[in-house]
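2 protein chains.
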Amino acid sequence: MVSTEERIMEATYRVLVDDSYSELSIRRIADEFDGSQSLIYYHYDDKEDLLAGFLTYLLDGFEQELETADTDDPLERLLALVDLVVPQRETPDLLSFHQALGEIRMQTPYHDRYQDQFAAFDARLRSELETTIQRGLDDGIFVDVDASDAAERLQLLLSGVLCHYVPMCDWDGIERGQTIIEAEIESWRPD
Amino acid sequence: MVSTEERIMEATYRVLVDDSYSELSIRRIADEFDGSQSLIYYHYDDKEDLLAGFLTYLLDGFEQELETADTDDPLERLLALVDLVVPQRETPDLLSFHQALGEIRMQTPYHDRYQDQFAAFDARLRSELETTIQRGLDDGIFVDVDASDAAERLQLLLSGVLCHYVPMCDWDGIERGQTIIEAEIESWRPD
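The listed protein sequences correspond, in order, to chains A and B.
Residue numbers are given in the UniProt record's numbering: position 45 of the first sequence equals residue 45, and the series is strictly consecutive.
Residue numbers are given in the UniProt record's numbering: position 153 of the second sequence equals residue 153, and the series is strictly consecutive.
None of these hints come from the bench; they were simulated from the model.
A few of these clues could be false.
[Unchecked claim] Simulated restraints, written as ranges between beta carbons of each label pair:
id, chain 1, residue 1, chain 2, residue 2, range
1, A, D83, B, D60, 27 to 33 Å
2, B, D46, A, E67, 46 to 52 Å
3, B, D112, A, D139, 55 to 61 Å
4, B, E175, A, S36, 45 to 51 Å
5, B, S20, A, V17, 47 to 53 Å
6, B, R28, A, I26, 23 to 29 Å
[To be verified] Derived list of chain B stretches under chain A, where covered just means 3 residues or more per stretch with a C-beta under 8 Å from a C-beta of chain A:
id, region
7, 49-56
8, 63-73
Yeah, the Cβ is synthetic: ideal placement off N, Cα and C, and Gly gets one too.
All chains should be modelled from the sequences, with the hints used to inform the complete structure.
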């Protein structure tokens with residue numbers, strides 16, 4: 001049985017896919033999950049509180065994806081991570097969702113709670129990239145690369161794709177960006 | 001003598017440094033440039049029209065910076081471009097300005113006119129990067145790199161720094177990002 005909180009989180013996701021962050025309101029989410037506004041206010045103080053909760057919910061989901069990933073091979077795992085973070089043409093909803101998420105990220109200077117959540121998400125992705133690259137180095141799958149430096153470079157490239165091409169709905173750019181990131185990873189393999 | 005349009009543009013810049021995009025209003029700009037709202041409305045239809053004009057004004061400024069750059073050496077010119085795009089600690093206003101600019105960029109899915117301006121800016125930066133890298137290859141200053149691919153990679157890294165670290169006010173991250181970009185450029189030089 002799905003909890004009320006989870007239904008509110010799912011409704012928030014759908015509203016962010018359909019609308020922008022600035023159109024998001026408690027009323028709009030209540031409409032979407034077919035519940036009352038007072039039920040939402042029972043769980044969350046206001047829109048900021050709800051969105052901070054939503055970012056935690058996303059982070060938990062990301063953590064679960066990482067734990068249940070079906071490969072331990074460092075190369076495959078890195079490529080799967082890239083697939084997970086970059087929106088794919090076959091899932092156009094994810095583009096709209098990432099657009100809304102980009103908007104919320106740009107609100108971090110004005111909302112400490114969003115800032116904390118994005119910082120936690122960024123740190124989690126960075127550590128996953130770095131430990132996977134380090135494992136690849138230990139196993140001899142990768143050579144001639146510094147794990148910490150390479151993880152930061154990958155994260156900047158991923159971030160670049162999300163901020164540069166996603167708001168433009170530029171699918172060709174998104175795909176070129178993904179190819180650039182994959183080529184970077186491939187370049188660490190021994191000749 | 002500075003024109004009214006230019007005074008409005010300068011006031012818009014200062015408002016974006018001090019406030020967020022969402023707080024920007026014609027009234028706020030009128031206060032800042034010490035003029036009347038009706039004078040602004042004489043030149044611009046509404047906030048969207050004014051901001052589209054502001055983005056054109058920025059693009060013109062960027063074009064002028066490129067034309068008056070005091071070096072033709074491809075390596076120095078690329079490093080100067082990176083300095084121009086990445087905010088520096090000694091100019092903290094630029095951080096606030098880039099934060100606001102990031103917010104406006106994330107509004108592009110909902111405003112075609114912003115989207116056109118950002119697309120023009122991105123294309124201008126890309127072409128400058130690519131022709132400079134190509135000139136470096138022709139002169140033998142750079143080797144073993146595809147100019148178009150390398151220009152896109154640099155642009156994604158620059159975009160990553162602006163979208164990842166700027167909203168977090170993470171100066172250390174901004175500086176590490178700049179070092180990563182500079183190392184990428186240095187890696188194209190012959191041994």
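A quick look at each hint next to the structure:
1. A beta carbon spacing of about 40 Å between D83/A and D60/B contradicts the range 27 to 33 Å that was offered as a hint.
2. Restraint check, D46/B to E67/A: a C-beta distance of roughly 49 Å satisfies the suggested window 46 to 52 Å.
3. Against the hinted window of 55 to 61 Å, the Cβ-Cβ separation of D112/B and D139/A comes to about 49 Å, which falls outside the hint.
4. The beta-carbon spacing between E175/B and S36/A, approximately 49 Å, falls within the hinted interval of 45 to 51 Å.
5. The supplied range of 47 to 53 Å is broken by S20/B and V17/A, whose beta-carbon atoms lie about 24 Å from each other.
6. About 27 Å separates the C-beta atoms of R28/B and I26/A, a value consistent with the hinted range of 23 to 29 Å.
7. Check on the region 49-56 of chain B: 0 of its residues sit with their Cβ under 8 Å from a Cβ of chain A, so the three-residue criterion for coverage is violated.
8. For the region 63-73 of chain B, the stated coverage by chain A is violated: 0 residues have a C-beta nearer than 8 Å to a C-beta of that chain, whereas at least 3 were required.
In this structure, the hints that do not hold are numbers 1, 3, 5, 7 and 8, in rising order.
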